[in-house]
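S.K.: Turn these sequences into a full structure, and let the hints guide you.
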Amino acid sequence: MIEDPLGIMSSCGRIPDELRYLVERELIAFVVERNNLTRGIPNWSGNGSSLVNLESQQNNLRGRIPTELGSISRLEFLHIGFNKLTGRIPSSIYNLTSLLSLAVNRNNLHGEIPLEIGNYFPHLQFLFLGENRFSGQVPHSLPNATRLGELYLEFNSFTESVPTNIGNLMDLTKISFSVNQLQTGLDGLSFLTALTNCTKLKYLDFGYNKLRGEIPASIACISGEIPHGIRKLQNLTYLYLWGNSISGAIPSSLGIITQLLRLSLRYNQLEGDILLSLGRCRQLQALALSNNNLNGTIPKEVIGLSCLSLHFGVAGNSLIGPLPLEVGNMSQIVQVDLSHNRLTGEIPSTLFQCPMLNLEGEVPQEGIFRDMKCISIMRNKELCGGIKELGLPACKVHDKKKRRKLPKLKISIAVTISFLIMLTCFVAILYGRRKSTMRPSLALPTNERFPKVSYAKLCQATNEILDGNRLVTVKVLNLNQKGAFKSFLAECETLRNVRHQNLVNIIIVCSLINFKGAEFKALVYDLMGNGSLEWWLHPSENPLDMPKLNLN
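Residue numbers (the numbering used here): 37 to 588.
These are computed hints drawn from the structure, not numbers from a lab.
One or more hints might be untrue.
[What the hints assert, rightly or not] Using 25 angstroms as the maximum straight-line C-alpha spacing, the simulated SDA-like pairs for lysine to any residue come out as follows: (1) 238 x 321; (2) 238 x 318; (3) 210 x 137; (4) 120 x 561; (5) 246 x 223; (6) 336 x 385; (7) 417 x 386; (8) 238 x 316; (9) 238 x 294; (10) 210 x 223; (11) 210 x 249; (12) 238 x 219; (13) 120 x 543; (14) 557 x 376; (15) 336 x 274; (16) 522 x 556; (17) 336 x 315; (18) 424 x 401; (19) 238 x 162; (20) 557 x 371; (21) 336 x 361; (22) 246 x 144.
[Said to hold, decoys possible] Using C-beta positions, here's what the derived DEER-type ranges look like: (23) 420 x 285: 38 to 44 angstroms; (24) 110 x 235: 29 to 35 angstroms; (25) 285 x 319: 21 to 27 angstroms; (26) 283 x 55: 53 to 59 angstroms; (27) 158 x 124: 18 to 24 angstroms; (28) 127 x 342: 53 to 59 angstroms.
Because the structure is a prediction, the values reported are computed rather than measured.
Note that beta-carbon positions come from the ideal geometry of N, C-alpha and C, so glycine has one too.
M.R.: The following block contains the structure:
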């Protein structure tokens, strides 16, 4: 066995060729994950090799997967994910009939997966193909790998429909087909019915595809009768069907799956009420139903679930009525989104029993809010107004005296803006006359605008998500802007479809709830060491080195 826990190989940036003899003769396991290896995988021959475990994930390995790996007949674990490998999976790899786990995720691989892959790997238990550029059909032969437990095909370009025989994988615990181009076949969403046979299933994600239609009656239990199949999914904890075009009502039978931790049905076309049966999910931490066509009131049985601690989102629907007093039962909730509905009535005082929400805005002075003994404003630093006893700062433009000053203020602002416009026009004319004598840009270079971050700070900020003193570029999305979420999904789809060896490689996509309880989405790229494309196309000198100009 060879391991490299001290990262000695990273000093030379490659896997030494001198190891060929050991690999081809005596070695059983070769593990060099999480180093800084930058060259390709060696062309080791497997004739007579005893190698069982080959793990080189989380490096910067480039090039193609060597065809020679297919001759290591005893190989059971082939983990080469989280690299920068390109090309197709060699056909020789499918000769490794002893494989138990195949991981090539997070590379730049492309092409179609053989339709007979399930026949090639009869003993396969783990298959990780996510975050590449694979296309074509989802192989119908996958159920022939009867021991398959985890199947990840997310962030690719798979098309057509999901095979219904996927429900024959009786040992399946996790399945993720999110962010592909899967469509609904002639059988509709019947593959969901087939998956009810997978009694060990815990994680199900088909988010952001092109699925349409209603959730099948065998799942939905619309008639009120509990189907036998739905009882089998008692172990399901994660159900993600977000970002499709699923219509119809929310299945009442979802309340029977009492082990659910997270349920996301947002960005669909669901109609009807939020069903009371969801109140039976006593372990539910996050419920996302935003951007559908739901109506009716918010059931107190659902919003009153004390287990809800991460997210409760019903924004972008047509919900009516008052906000139930039971909202205070979500004492540990960090994010509640009720926006863009038709809710009425007073804000219940029990909302202040949710200290993690970080409320902001004006506190009313009527009703229950007249008595400071009935409310608590702890940990909500952005509140203003309210009765004097609360000691909150005054809200901007709150009293009548300030409102009377508004006309005068508007006139002053208008005059100031007019003056600035005239001044801008004058400067623009002057600049146009002297354009030929001025440099094209006075922008600060990238290294002055964006300071470098040390490895220690990066580890602390990312919870050690990256190793190896690796410099990265982090793009954080401003989710307060309208359409930011759809923009994030569109950019993810673009990154999935557009890959090139000369483009900056994406390392990871972050989508989570941060420590403040706000939704956080970011894209992490490799740092481009030679500056930016804009700088090379339009180079500019350092403004400190440029000659001063006399405007006289």
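S.K.: Each of the hints needs a verdict: does it hold here or not?
M.R.: Here's how the hints hold up against the structure:
1. Distance restraint check for residue 238 and residue 321: the Cα-Cα separation of roughly 15 angstroms lies within the 25 angstroms cut-off, and the hinted pair is therefore satisfied.
2. Note on residue 238 and residue 318: the hinted pairing holds, with a Cα-Cα distance of about 16 angstroms set against a maximum of 25 angstroms.
3. Restraint check for residue 210 and residue 137: satisfied, since their Cα atoms lie roughly 14 angstroms apart, inside the 25 angstroms limit.
4. A distance of roughly 12 angstroms separates the Cα atoms of residue 120 and residue 561; the hinted pair therefore holds under the 25 angstroms criterion.
5. Of the pairs offered as hints, the one joining residue 246 and residue 223 holds, with about 15 angstroms between alpha carbons and a cut-off of 25 angstroms not exceeded.
6. With a CA separation close to 15 angstroms, the supplied pair residue 336 and residue 385 stays within the 25 angstroms bound.
7. The straight-line distance between the Cα atoms of residue 417 and residue 386 is roughly 18 angstroms, inside the 25 angstroms bound, and the hint therefore holds.
8. For the proposed pair residue 238 and residue 316, the alpha carbon gap of about 18 angstroms is at most 25 angstroms, so the pair holds.
9. The straight-line distance between the Cα atoms of residue 238 and residue 294 is roughly 12 angstroms, inside the 25 angstroms bound, and the hint therefore holds.
10. Note on residue 210 and residue 223: the hinted pairing holds, with a Cα-Cα distance of about 23 angstroms set against a maximum of 25 angstroms.
11. A hinted pair counts as satisfied when its Cα atoms are at most 25 angstroms apart, and residue 210 with residue 249 qualifies at roughly 24 angstroms.
12. The suggested pairing of residue 238 with residue 219 holds, with an alpha-carbon distance near 23 angstroms, which does not exceed 25 angstroms.
13. In summary, the hint linking residue 120 to residue 543 is supported, as the alpha carbons are separated by about 10 angstroms, within the 25 angstroms threshold.
14. Restraint check: the Cα-Cα separation between residue 557 and residue 376 comes to about 22 angstroms, which is no more than 25 angstroms; the hinted pair holds.
15. Restraint check: the Cα-Cα separation between residue 336 and residue 274 comes to about 23 angstroms, which is no more than 25 angstroms; the hinted pair holds.
16. Taken as a hint, the residue 522 and residue 556 pair is honoured in the structure, with Cα atoms around 14 angstroms apart against an allowance of 25 angstroms.
17. Among the hinted pairs, residue 336 with residue 315 is consistent with the structure: their alpha-carbon atoms are about 8 angstroms apart, no more than 25 angstroms.
18. Taking the CA atoms of residue 424 and residue 401, the gap is about 10 angstroms. The hint holds against a cut of 25 angstroms.
19. Of the supplied pair hints, the one linking residue 238 and residue 162 holds, its CA atoms being roughly 15 angstroms apart against a limit of 25 angstroms.
20. Proposed proximity of residue 557 and residue 371 is supported: the alpha carbons are some 15 angstroms apart, at most 25 angstroms.
21. Only pairs whose Cα atoms come within 25 angstroms are accepted, and residue 336 paired with residue 361 is accepted, the gap being roughly 8 angstroms.
22. Restraint check: the Cα-Cα separation between residue 246 and residue 144 comes to about 23 angstroms, which is no more than 25 angstroms; the hinted pair holds.
23. For the hinted restraint 38 to 44 angstroms between residue 420 and residue 285, the CB-CB distance of approximately 41 angstroms keeps it satisfied.
24. In this structure the hint that residue 110 and residue 235 lie 29 to 35 angstroms apart at CB holds, the actual value being about 33 angstroms.
25. Taking the beta carbon of each, residue 285 and residue 319 are about 23 angstroms apart, inside 21 to 27 angstroms as hinted.
26. Between residue 283 and residue 55 the Cβ separation comes to about 57 angstroms, which falls inside the hinted range of 53 to 59 angstroms.
27. Hint check: residue 158 to residue 124, Cβ distance near 22 angstroms, so the stated range 18 to 24 angstroms holds.
28. Taking the beta carbon of each, residue 127 and residue 342 are about 55 angstroms apart, inside 53 to 59 angstroms as hinted.
Checked against the numbered hints given earlier, the structure satisfies every one of them.
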